[in-house]
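Enquirer: Sequences and hints are given; from them, build the entire structure.
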Amino acid sequence: MKTGKKLLDEMPENYRNNNITSTSAIDMLMKFGDVESAERIFRSMKTKNIITYNATIKGYVGNEMFEKALDLF
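Numbering follows the numbering used here, in which position 49 of the sequence shown is assigned residue number 49; successive positions increment by one, without gaps.
These are calculated hints, taken from the structure and not from any lab test.
Just so you know, even glycine gets a beta-carbon here, dropped at the ideal spot from N, CA and C.
Just to be clear, a hint being listed does not mean it is correct.
[To be verified] Here are the in silico distance ranges between beta carbons for each label pair:
| hint | residue 1 | residue 2 | range |
| --- | --- | --- | --- |
| 1 | Phe73 | Glu13 | 26 to 34 Å |
| 2 | Phe73 | Ser44 | 18 to 26 Å |
| 3 | Val61 | Ile20 | 29 to 37 Å |
| 4 | Asp71 | Ile51 | 17 to 25 Å |
| 5 | Ser44 | Asp71 | 17 to 25 Å |
[To be verified] With a straight-line Cα cutoff of 30 Å, these simulated DSBU-like cross-link-like pairs (lysine-lysine) come out:
| hint | residue 1 | residue 2 |
| --- | --- | --- |
| 6 | Lys31 | Lys58 |
| 7 | Lys68 | Lys31 |
| 8 | Lys58 | Lys48 |
| 9 | Lys68 | Lys48 |
| 10 | Lys31 | Lys46 |
Expert: Set out below in structure tokens:
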């Protein structure tokens with residue numbers, strides 16, 4: 001978890017706006033239970049695709065936040 005967060009903190013700005021990188025970050029953070037950080041990245045994304053939504057919904061389900069998953073669906 002520390003390594004993942006450190007990588008996110010040190011990531012260049014141009015990678016932060018990349019859907020693939022951001023979706024991977026959401027997936028990683030959700031798996032570690034850091035839902036707030038994952039939501040922050042999700043909200044900051046300018047364009048979201050079905051893969052991004054899927055990673056976020058799956059993360060909510062994995063963290064037993066079923067109502068949030070349904071709301072996003």
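Enquirer: State for each hint whether it applies.
Expert: Now the hints, each set against the structure:
no.: 1; hint: Phe73 - Glu13: 26 to 34 Å; verdict: 31 Å, holds
no.: 2; hint: Phe73 - Ser44: 18 to 26 Å; verdict: 21 Å, holds
no.: 3; hint: Val61 - Ile20: 29 to 37 Å; verdict: 22 Å, violated
no.: 4; hint: Asp71 - Ile51: 17 to 25 Å; verdict: 19 Å, holds
no.: 5; hint: Ser44 - Asp71: 17 to 25 Å; verdict: 19 Å, holds
no.: 6; hint: Lys31 - Lys58; verdict: 9 Å, holds
no.: 7; hint: Lys68 - Lys31; verdict: 16 Å, holds
no.: 8; hint: Lys58 - Lys48; verdict: 15 Å, holds
no.: 9; hint: Lys68 - Lys48; verdict: 17 Å, holds
no.: 10; hint: Lys31 - Lys46; verdict: 23 Å, holds
Checked against the numbered hints above, the structure breaks only hint 3 and satisfies the rest.
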